[in-house]
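Participant: Listed here are the chains, written in short residue letters.
Protein chains: 2
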Amino acid sequence: MSQPNMVIGMHLGNGYGSQPGAWRMPWVDPRNYASFDAKVRHAQAAERGKLHFVFLPDGPGHVGDIENEAPHFNLDVMLTLAAVARGTGRIGLVATGSTTFNEPYNLARQFKALDIMSHGRAGWNAVTSSGEDVAANYGRRLPSSPERYGRAHEAIQLVQALWGSWGQDAWVHDQASGQFAKGKRIAPVNLGGKFVASRGPLYIPPSEQGQPVIFHAGGSPNALELAGRFASVVIGVAFTIDDARAQRAAFRDAAARAGRHPDEIKFVAGLMTTIAGDRRSALDRRIALTERTFPDRLAYLQQMLGVRLDPARLDQPLSPDQLAAARPSPRDPRSAHALNIAREGWSLRDILAHGVIDYHPVIVGPAVEAADHMQEWFESGAVDGFWVSPDIYDDGIDAFVDGVIPILQERGLFHEDYAGSTLRDHLGVPAQYGVDHRLR
Amino acid sequence: MSQPNMVIGMHLGNGYGSQPGAWRMPWVDPRNYASFDAKVRHAQAAERGKLHFVFLPDGPGHVGDIENEAPHFNLDVMLTLAAVARGTGRIGLVATGSTTFNEPYNLARQFKALDIMSHGRAGWNAVTSSGEDVAANYGRRLPSSPERYGRAHEAIQLVQALWGSWGQDAWVHDQASGQFAKGKRIAPVNLGGKFVASRGPLYIPPSEQGQPVIFHAGGSPNALELAGRFASVVIGVAFTIDDARAQRAAFRDAAARAGRHPDEIKFVAGLMTTIAGDRRSALDRRIALTERTFPDRLAYLQQMLGVRLDPARLDQPLSPDQLAAARPSPRDPRSAHALNIAREGWSLRDILAHGVIDYHPVIVGPAVEAADHMQEWFESGAVDGFWVSPDIYDDGIDAFVDGVIPILQERGLFHEDYAGSTLRDHLGVPAQYGVDHRLR
Ligand SMILES: Cc1cc2nc3c(=O)[nH]c(=O)nc-3n(C[C@H](O)[C@H](O)[C@H](O)COP(=O)(O)O)c2cc1C
Ligand SMILES: Cc1cc2nc3c(=O)[nH]c(=O)nc-3n(C[C@H](O)[C@H](O)[C@H](O)COP(=O)(O)O)c2cc1C
Numbered sequence: 001m002s003q004p005n006m007v008i009g010m011h012l013g014n015g016y017g018s019q020p021g022a023w024r025m026p027w028v029d030p031r032n033y034a035s036f037d038a039k040v041r042h043a044q045a046a047e048r049g050k051l052h053f054v055f056l057p058d059g060p061g062h063v064g065d066i067e068n069e070a071p072h073f074n075l076d077v078m079l080t081l082a083a084v085a086r087g088t089g090r091i092g093l094v095a096t097g098s099t100t101f102n103e104p105y106n107l108a109r110q111f112k113a114l115d116i117m118s119h120g121r122a123g124w125n126a127v128t129s130s131g132e133d134v135a136a137n138y139g140r141r142l143p144s145s146p147e148r149y150g151r152a153h154e155a156i157q158l159v160q161a162l163w164g165s166w167g168q169d170a171w172v173h174d175q176a177s178g179q180f181a182k183g184k185r186i187a188p189v190n191l192g193g194k195f196v197a198s199r200g201p202l203y204i205p206p207s208e209q210g211q212p213v214i215f216h217a218g219g220s221p222n223a224l225e226l227a228g229r230f231a232s233v234v235i236g237v238a239f240t241i242d243d244a245r246a247q248r249a250a251f252r253d254a255a256a257r258a259g260r261h262p263d264e265i266k267f268v269a270g271l272m273t274t275i276a277g278d279r280r281s282a283l284d285r286r287i288a289l290t291e292r293t294f295p296d297r298l299a300y301l302q303q304m305l306g307v308r309l310d311p312a313r314l315d316q317p318l319s320p321d322q323l324a325a326a327r328p329s330p331r332d333p334r335s336a337h338a339l340n341i342a343r344e345g346w347s348l349r350d351i352l353a354h355g356v357i358d359y360h361p362v363i364v365g366p367a368v369e370a371a372d373h374m375q376e377w378f379e380s381g382a383v384d385g386f387w388v389s390p391d392i393y394d395d396g397i398d399a400f401v402d403g404v405i406p407i408l409q410e411r412g413l414f415h416e417d418y419a420g421s422t423l424r425d426h427l428g429v430p431a432q433y434g435v436d437h438r439l440r
Numbered sequence: 001m002s003q004p005n006m007v008i009g010m011h012l013g014n015g016y017g018s019q020p021g022a023w024r025m026p027w028v029d030p031r032n033y034a035s036f037d038a039k040v041r042h043a044q045a046a047e048r049g050k051l052h053f054v055f056l057p058d059g060p061g062h063v064g065d066i067e068n069e070a071p072h073f074n075l076d077v078m079l080t081l082a083a084v085a086r087g088t089g090r091i092g093l094v095a096t097g098s099t100t101f102n103e104p105y106n107l108a109r110q111f112k113a114l115d116i117m118s119h120g121r122a123g124w125n126a127v128t129s130s131g132e133d134v135a136a137n138y139g140r141r142l143p144s145s146p147e148r149y150g151r152a153h154e155a156i157q158l159v160q161a162l163w164g165s166w167g168q169d170a171w172v173h174d175q176a177s178g179q180f181a182k183g184k185r186i187a188p189v190n191l192g193g194k195f196v197a198s199r200g201p202l203y204i205p206p207s208e209q210g211q212p213v214i215f216h217a218g219g220s221p222n223a224l225e226l227a228g229r230f231a232s233v234v235i236g237v238a239f240t241i242d243d244a245r246a247q248r249a250a251f252r253d254a255a256a257r258a259g260r261h262p263d264e265i266k267f268v269a270g271l272m273t274t275i276a277g278d279r280r281s282a283l284d285r286r287i288a289l290t291e292r293t294f295p296d297r298l299a300y301l302q303q304m305l306g307v308r309l310d311p312a313r314l315d316q317p318l319s320p321d322q323l324a325a326a327r328p329s330p331r332d333p334r335s336a337h338a339l340n341i342a343r344e345g346w347s348l349r350d351i352l353a354h355g356v357i358d359y360h361p362v363i364v365g366p367a368v369e370a371a372d373h374m375q376e377w378f379e380s381g382a383v384d385g386f387w388v389s390p391d392i393y394d395d396g397i398d399a400f401v402d403g404v405i406p407i408l409q410e411r412g413l414f415h416e417d418y419a420g421s422t423l424r425d426h427l428g429v430p431a432q433y434g435v436d437h438r439l440r
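In the order they appear, the protein sequences are chains G and E. Residue numbers for the first sequence follow UniProt numbering, so the first one is 1 and each next one is one higher. Residue numbers for the second sequence follow UniProt numbering, so the first one is 1 and each next one is one higher.
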């Protein structure tokens, strides 16, 4: 393959951005949580940058501190993607759909309908869901991991079987002869397992990419096996190159064990961005966004570094004594990076503003720093790409698209344009219709 | 109320129209089944006529003769309505959602998200579903009627409770103070019944109409009680004024028994239309659309009229002897009308082309005949309005909108414009947020 092939997806969450303070910024409309227009605009911005896909995580009912922060997820991921499908033309559309709290027939139907609607751009992030709060919305307790993953294995295969139940060449719609479809090529699947069952068929013809692409997100041993069998893309989390490389290798091994080529599974790691003209402006932007969290985070930073830090001295860097005493906590993979930043002499406030305590590695600085990070991880075989969470969607996607993407393109790392018209084309995912008969 | 108040909805099915031959007509794109553009266009046509709502029935997996006919339903009703929401501005958006085969939390979430997306135009046709073929898609047998309706009563209340769980004034989004929402006004519902349960809350603020409007479709005693308690609109079937009047009265009584005002429930009956400049052209259009069904229908017409009819003599009217011998079958409410048409001297082919054997009363003729039918039924207290199924969406909606609507408006029966911006406004449905606390 001569096309550069770094995969980049864009996190599309609650309408504001990945930072809890995003909704409060004066140039952000604080009603974006309920604005489908805003989400379409954000996806259009990502499409302008030729990003492979938008990714909408979902954990129905999972919400933090609603008094001060927006919920993390979309009102409804499928309806959001339907709006985005109508407002974009090329970018992939990926949403989380829980195998635990949905009927396979309903999942199969909505994701394939989205695939038709978007002309072959849908992806299903098949996860088992976690959290008793989510389960409680369905009047249940969270099933055990073996039960959740047992059901997930069945559900994904059943969904794929339903996708394949309308034969690829079955739709004739010949007005002259009056044959609408080859009835025999649209057949029930009649699958029943321990956890789920369905008769089918599903009355939806193939899309331009056949059927949606399967994603997975999760890191447990059970998740590894599930992804190895079914996923084309893994939405991952890793704080260091070594960790990412090990995870990627584990997923590739899992794919091989399932009888697939390791290249058929792509590991994309999270990256959070605050892009500005220089490091100082980026840090200031992030301080405005996250300062409210600094008291809590400072307390946690103490544990990461193993030294006492004075909340009254946020303007000061660590003292030489503190730096000498500091030891990165082995229990948090972000600690070494935090210590490196501290050693550069930044104030406590600026250390926190670097995002050393966040869900993913964070770039706070000029675009070239994001590009350098991505290149290093990509070229060292740690990842196949990234899913990017900008701090504020309203201008952070543009900053990434206008700043980082051209550098990656110049360096020959990222495509100049979409390879084709479908998500499968963009990602280079092999054709598949129905279940994968090679699976061991 | 001085506004004329006949309610009119438009059936939006598979992309072709209510007649099985619609997909074969040369001016119809035979791929409309998979075209979201087509559905948006059809809804826009209905909106041009100021129709109150589009109605998308659904029975997941219910399909007839796929070799020759298109499936009756949309690929997915919620995604279709999402596309329609983005492509229209005023018309109501109503879809069937099964209380038997969906989790209440998922129903609550998707319908309220649609309500937000459409700025207050969503309606939920809450039905219990019928048919073993549908149940089989969920790996189950169809539950008994008491079980289905027991679950439905719980599910609708749970959905409404979830809708109300984000307090109407809870969303503050005050950038200055940093208060996103009044946390105490967004509270779990913690409802659990015999069939369904959920904790909540549902993190969706009120729409412009508060929450979606409840519809129901069905005629059994159980359906009557369910609609009486919860429905604002009943999607009905009636072949005669007397039958419609009796049904409407029964639903109004059921509403009163539940503690509501009878005017809070509106009964709308089905009407199928083939509109053309004159009766002859309309009959010819319908012959082209449905001739394939005539052999079967002729056999059935014999039973309706109690006389033998010769398939080789489709061009002939009934003989005087046949007419003298004919007796309308008491087992089919359409028989008397069929006999009236036969007595007018039409050929067998033309009798069938009048649609005497169809799911609803059928108008085949000039627009004024549809207007007359609607006026007569409406003014005799048989209905509050109609849901109309045009023969072919691509031009049949326009024929209705350009032909029938102006006559109804001239006669002061139908509004000149939408009363407001929400479905609740259009229908005059009283405000409600959360459950209805008046219910007995
Ligand atoms: C990057 C990433 C994204 C995830 N996104 C979701 C999501 O959108 N919805 C969800 O329910 N769980 C999501 N998960 C959680 C996993 O599905 C999984 O539940 C979690 O990792 C716990 O692992 P286990 O279920 O294998 O025990 C995500 C996990 C990771 C690592
Ligand atoms: C006009 C009309 C429209 C209906 N639309 C639907 C529908 O869209 N989906 C569905 O599952 N059932 C639909 N039904 C069926 C009813 O929900 C109900 O299942 C049926 O009348 C059988 O009655 P029972 O379930 O009360 O025994 C419809 C019924 C009528 C009369």
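Hints were generated in silico from the structure; no laboratory data involved. Just so we're clear, the structure is a prediction, and the values are computed from it rather than from any experiment. Mixed in with the good hints, there may be bad ones.
For identical chains, the list gives no copy identity; a pair is met inside one copy or between any two copies.
[Claimed, not checked] Taking lysine to aspartate or glutamate pairs in the EDC-like style, the calculated list, with each CA pair at most 16 Å apart, reads:
hint, residue 1, residue 2
1, Lys50, Asp402
2, Lys182, Glu67
3, Lys184, Asp417
4, Lys50, Asp417
Participant: Each hint needs a verdict: does it hold in this structure or not?
Facilitator: Now for the hints, and whether the structure bears them out:
1. Taking the shortest alpha-carbon separations for Lys50 and Asp402, only the intra-copy value of 11 Å comes in at or below 16 Å, while the best inter-copy value is 44 Å.
2. In the homo-oligomer, the alpha carbons of Lys182 and Glu67 lie at most 16 Å apart only across protomers (6 Å), although the nearest pairing inside one protomer, at 56 Å, exceeds that limit.
3. Taking the closest pair of Cα atoms, Lys184 and Asp417 never come within 16 Å of each other, the shortest separation being 40 Å inside a single copy and 48 Å across copies.
4. Taking CA atoms no more than 16 Å apart as the test, Lys50 paired with Asp417 passes inside one copy only; the shortest distance there is 6 Å, against 43 Å between copies.
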